[in-house]
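Could you build the full structure based on these sequences and the hints that come with them?
Under my numbering, the first residue of the sequence shown is numbered 1071, with each subsequent residue one higher.
Calculated from the structure, these hints are not laboratory results.
This one's a predicted model, so the numbers in the text were calculated from it and none came from an experiment.
Please note that the accuracy of each hint is not assured.
In the DSS-like style, the derived pairs of lysine-lysine whose C-alpha atoms are separated by at most 25 Å in a straight line are [claimed, not checked]:
no., residue 1, residue 2
1, Lys1153, Lys1143
2, Lys1086, Lys1108
3, Lys1090, Lys1078
4, Lys1177, Lys1211
5, Lys1143, Lys1080
6, Lys1211, Lys1146
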Amino acid sequence: MGQPKKFKKKYSRPKKPYDKERIDTERKILNDYGLRRKKEIWRAEAIVRDFRRRARDLQAKNNQSDEQMLIQKLNKLGIHCKKLDDVLQITLDDILSRRLQTIIAKKGIANSMRHSRQLIVHGHVTVNEKKIFWPSYIVEKDLEEKISLTPRMSAKAISQEAKKSE
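Structure follows, in structure tokens:
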């Protein structure tokens, strides 16, 4: 049967735990994007690092097909890149703005970032007719139009709006 595989962390913690400047920037990011834990920031930073590392490796190898695959992957995610130099310019904000929680708040489905997080965690949000329970879900560009509330929740929202207008 073998041993079960151990899970690896998908992020790395900061080298200096009490760096004042880093703590302040992380606190600002937490407030801007409605994140609950700094671990979510560190995961997004790991995603950015991975894309940049892959771009640097591809620049060294000079492999056109793999370059196009990476660029297509990023364009599919909604991060616009035309060449590998653009991939190296990706920031943490680019990744955090593609999270389901952020997109729902920007579309106006939710009143705030925290409200959008609550809607997702409680199972009131569907993407392409599938319930998504993770606020950190990275939404692809073509699925962005397919984000909606569940039918039961949208009926509640319509009835509440009707009561407010009366």
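**Prompt:** What are the numbers of the hints the structure violates, in ascending order?
**Reply:** Hint check: 3 fails alone, others pass.
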